[in-house]
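A.B. asks: Please take these sequences and the hints and turn them into a complete structure.
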Amino acid sequence: MKWAALIAWVITAGGGFVLLSIWLMRGGMRQQQEGGNRIRPPLILSHFLLAAAGLVVWIVYVIADKDALAWIAFAILAVVAVLGWTMFAIWLRRRQARTSGAEVSAPGVPAEQHFPIPVVTLHGLLAVTTVVLVLLTALGVGGS
Numbered sequence: 032m033k034w035a036a037l038i039a040w041v042i043t044a045g046g047g048f049v050l051l052s053i054w055l056m057r058g059g060m061r062q063q064q065e066g067g068n069r070i071r072p073p074l075i076l077s078h079f080l081l082a083a084a085g086l087v088v089w090i091v092y093v094i095a096d097k098d099a100l101a102w103i104a105f106a107i108l109a110v111v112a113v114l115g116w117t118m119f120a121i122w123l124r125r126r127q128a129r130t131s132g133a134e135v136s137a138p139g140v141p142a143e144q145h146f147p148i149p150v151v152t153l154h155g156l157l158a159v160t161t162v163v164l165v166l167l168t169a170l171g172v173g174g175s
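For the sequence shown, the working numbering begins at 32 and goes up steadily by one.
Honestly, I wouldn't trust all of these hints.
Said to hold, decoys possible - Cβ pair distances, simulated, as ranges:
(1) G174 <-> F119: 28 to 36 Å
(2) R61 <-> A106: 17 to 25 Å
(3) L153 <-> L76: 34 to 42 Å
(4) V87 <-> P149: 36 to 44 Å
(5) Q63 <-> G173: 25 to 33 Å
(6) I53 <-> V163: 22 to 30 Å
(7) M32 <-> Q127: 34 to 42 Å
(8) A35 <-> L80: 35 to 43 Å
(9) P73 <-> V41: 30 to 38 Å
(10) Q127 <-> D98: 40 to 48 Å
(11) G174 <-> M56: 16 to 24 Å
(12) M60 <-> L167: 15 to 23 Å
(13) Q63 <-> L166: 19 to 27 Å
Worth flagging that the hints you see were computed from the coordinates, not collected in a lab.
From a predicted model like this one, the values you see are computed outputs, not experimental measurements.
Virtual Cβ for every residue (Gly too), placed ideally from N, Cα, C.
C.D. replies: Here is the structure:
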C-alpha cells in the first residue's frame, strides 16, 4: 500500500505543479496586493512546499520503513489537505460568483480562475486518495 500511496502522491503532485504553473503564468504572485477573494501567494506556496516536503518524507519512509516517518508524512499531508480545501473553496466560490458575461481572460480575473476544471477535479480526487492511502499505511493496514 505504501507504493500505491507514493504513486498517487507523485501523480497528485504533477497535477498540482500544472496548476501552480498556470497560476504563476497568469500573474498569481501579483495577487498579494490586489483586493478581492483570491488565492494569495503565501497560501499556494505553503501548500506546494509542504506537499513537496511531505512527499520527500514519504519517499524516505518507503526506503527506511520507519513507522514514525509515515505518521510525520501523514501529519504534513493533513496540513496540506486543509490548505488545499481552503484554496478549493476560494476557487469555487469565485467561479460560481462570476457573472455569465465575464470572460476568464478579462482583466482583474484572479490567476486561479484559469485553472482547467478537469485538472482541479483530478488533483482533488487524487489528493483524497493519497490521504486515505497514507493513513491506511500508517495504521498498518495492508502491511508495510
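A.B. asks: Decide, hint by hint, whether the structure agrees.
C.D. replies: A quick look at each hint next to the structure:
1. A C-beta distance of roughly 33 Å is found between G174 and F119, which places it inside the suggested range of 28 to 36 Å.
2. A C-beta distance of roughly 33 Å is found between R61 and A106, which places it outside the suggested range of 17 to 25 Å.
3. For L153 and L76, the hinted distance range of 34 to 42 Å is not satisfied, since their beta carbons lie about 21 Å from each other.
4. Judged by the Cβ atoms, the range 36 to 44 Å given for V87 and P149 is violated: they are separated by roughly 28 Å.
5. For Q63 paired with G173, a C-beta distance near 43 Å fails the hint of 25 to 33 Å.
6. Taking the beta carbon of each, I53 and V163 are about 27 Å apart, inside 22 to 30 Å as hinted.
7. For M32 and Q127, the hinted distance range of 34 to 42 Å is satisfied, since their beta carbons lie about 36 Å from each other.
8. Hint check: A35 to L80, Cβ distance near 24 Å, so the stated range 35 to 43 Å is violated.
9. Checking the proposed 30 to 38 Å range against P73 and V41 shows it is violated: the Cβ atoms sit about 25 Å from each other.
10. For Q127 and D98, the Cβ-Cβ distance of about 42 Å falls inside the hinted range of 40 to 48 Å, so the restraint holds.
11. As the Cβ distance of G174 to M56 is approximately 43 Å, the hint placing it in 16 to 24 Å is violated.
12. Between M60 and L167 the CB atoms are about 37 Å apart, so this pair departs from the stated range of 15 to 23 Å.
13. As the Cβ distance of Q63 to L166 is approximately 34 Å, the hint placing it in 19 to 27 Å is violated.
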